[in-house]
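**Q** With the sequences and hints as input, model every part of the structure.
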Amino acid sequence: MGQESPILSIEHVSKEFYGNVVLHDVCFELRPGEILGLVGENGAGKTTLMRILFGMPVIAETGGYKGRVCIDGKEVSFASPFDALDAGIGMVHQEFSLIPGFTTTENIVLNRESMRPSILNDVFGDRMSVLDRPAMRKRAEGAIEKLGVKLDPDMLISEMPVGHKQFTEIAREITRSKTRLLVLDEPTAVLTESEAEVLLVALRNLAKLGIAIIFISHRLHEVVNVADRVVVLRDGLAIKDTPVAGVTVRDIASWMVGRHVATERAADVGNRGFGEPILEVERLWVDMPGETVRDVSFSVRQGEILGFGGLAGQGKLGVPNGIMGLFAAGGSVLLKGAEVALNSPRRALEMGMAFVSEDRRGVGLLLDESLEWNIAFTAMQIQDKYLKPILGGIFRLRDDEGMRKLTEEYVKALDIKCTSPRQKAKELSGGNQQKVCLAKAFAVKPDLLFVSEPTRGIDVGAKRLVLDTLQRYNREYGTTIVMVSSELEELRSICDRIAIVDEGRIAGILPPTAELAEFGLLMSGEAAAKDVGRASEASK
Amino acid sequence: MNKIKQYVTDFGWPRIIIFIFLVLLFVAAPFVKVRIDASISDVLNRFGQNALFVLAMVPMIQAGCGLNFGLSVGIIAGLIGSTLSVQFGLTEAFGFFGAVVLSIPFAVVFGWFYGKLLNKVKGEEMTIAMYVGFAGVMFMCIMWLILPYNGPTMIWGYAGKGLRTTITIEGFYRHFLNDFLAIRIGNSFVFPTGMLLFVGFAAFLMWLFMRTKTGTALTAVGSNPDYARASGVSADRMRTISVVLSTVLGAIGIVVYQQSYGFIQLYTAPLDMPFTAVAAILIGGASVNKASMVNVLVGAFLFQGLLTMTPSVINSTLQTDISEVVRIIVSNGIIIYALTRKTKVTK
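The listed protein sequences derive, respectively, from chains A and B.
The first sequence begins at 1 in our numbering and counts up one residue at a time.
The second sequence begins at 1 in our numbering and counts up one residue at a time.
Since the hints were derived computationally from the structure, they do not count as laboratory data.
All the pointers check out, no bait thrown in.
Listed below are the simulated EDC-like cross-link pairs for lysine to aspartate or glutamate, each with C-alpha atoms no more than 16 angstroms apart in a straight line:
#, chain 1, residue 1, chain 2, residue 2
1, A, Lys165, A, Asp185
2, A, Lys424, A, Asp368
3, B, Lys213, A, Asp399
4, B, Lys290, A, Asp368
5, B, Lys213, A, Asp384
6, B, Lys213, A, Asp400
Anything over 10 angstroms on all C-beta distances counts as not near chain A; from chain B, calculated:
#, residue
7, Leu22
8, Val121
9, Tyr149
10, Gly160
11, Gln265
12, Ser292
Here a beta-carbon is modelled for each residue, glycine too, at the ideal position from N, C-alpha and C.
**A** Have a look at this one:
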């Protein structure tokens, strides 16, 4: 394989945006059938590099780039993504570009549909051909099979779980007969560990067919698993280009952030003393699409960090969403002995609970408003803070001064990188947005904090900061935290107990020090039978 | 230099170009024998007449209900209030404030139902709103005929019942605001102090409201309803409040309009009014999801300025009376332009 000439070579590519260097003298090569892991923190220049490769107009608009991009040894310079597609480069974007109202098949073969001539062809020419649906379906099925995944060719995109959307997107790229180079930008960011596993297998299958793959991911163990070679970008420099054999996740992580990353858990985790139970949940059900909770009972004690893990779609996300009233729920929830009214976010907040949603951009932030608004809004609406009386209290106006002070406090405490408290939330990077969401929850000074997928889609450095912040608030202010996450490792690093949710029920609760294999068994439902028995005993 | 550049970008090129065009019209006016003082007076007058309608757009835009194409609902409430005021024979201050006070309960009730309806058609508010407006106006066309009004100045002389299309309010509250502290210079310049003060006061109240807890919640609902919900704010309730507020402002707006114009116009007259208000706020730089007081005042001034000046200058240049045609072309042209300018927010 090493003898073949490279399909793609990037030679001394540099790029700057208005004097701000984002790529500096980056070189690497890619051969057919090779999987290249491209890693780097947010802002390291991965996306810019891919934009250059793809001839995105934004590059030319901002002054072009220096260096050469060669395909098959010939220098190319794509004027638009269409040229890149013609040259055989396929791209799977971080955000889906699928038509929600179309089926899997229709999306996969979109604009390249199989045609059958109709009688109108004789009069009006080829434009009047009709779709050959069986042939389209066959092609789509072929692509799905090539990927080695299970996808219903007739399902509407709008009704699919995110994982399937991702596969559809990849299937579409590989049905292009010319595709020789496939770029995947964070393909696993929205997937669960098991879905990601399937995806990685699919990628290896594709590589065997001779397709070269550039795999961009924050999940380093996936890179180590799937890639043949890894290129690490840091601050625009390609600081490492090495075969993956013999490289560990820890090595890559430290190259990326340029410092030693400790994934050690705090020394006292697992053997701390706690107070009285603060939250008692009995027979909770939540009707959250894709994350149905069927029958969950648990209790959390004052000062504890309880983790919820499990595979996607099993219901772990439904637990906080249901208790906080965002989705229809039933059952009994007691906070400090007082009944919590379900299905009313206001009541839940008023009782002293707060929630950091997993849907950061959809639920967690006011993207078009300032950080001040984002952080202070909930406290203002629920606790009447940051309002100052006017005319002897006839009515109350927003206290901008107080909101700014609060925001500045949290910007400092959580190290939120922003130009000012007045900056709009949409202008921040993912990690900093997440910190804003945390600040919003901390601002209501909750007794009990629900945090859902706090590190989804943010880079390694920011992840650590977010987890440290949670731990600090727990230790310093005694905030009880219920954290839901798909990433077992991060649950194990800060939680005192970890509940694994399977099929809408708690399969078991383990200490963080338990063997990985035990968690695996609970997640896969292997230990379920045993545990259900125990649960029903307890309920008697 | 950079500061000027920044200022220009903030203010927006469309507004600067329209402003320059307006200035050019004023410069050209004397050459075609259009009196400048009368024109300025006219522009100020029309600005005052329409500013409240433009202001009425703000709450619904902020709450994410889009542009209030159904402002006619509020105007109808105002018409009911003003006809009742005339019916009861209230004059001057009693007449004006009577009309305002009588129309507010109608506006609140209409706005509440209208708001409930818009909550059921999220995403399609603007289309539905337009037809609610049309339907309301047409329904009232019947009602104006059969409601038992009997004020002699209001009903058809030949039938003895049914309201006229145009009712004079001479002797009731005509120019009540306009003449309050009005400054007259020469024969043809009048500065309508009272009306502009009233508009300014209304804008100030709206500005205050937007800074209260409810106003903040309203804006958050418009920015991201899911965020607002997760923070314990009922999106539907906020949207209903915004629609009621907009409808009440529409009702007060028509009373202000009437006292300046001198007539109550019934039947199909309210049909076009929402469009000019929508155009004005878009010209003022508002988007479908964000509007400020500056957008309102700048927009109302530029739009009404153009609408006043273009027909009269063109008319005098061509020496024929096509002012109505030019007015329609200009106003609808601006509406089209403004609607193409609307900007969306990040989702």
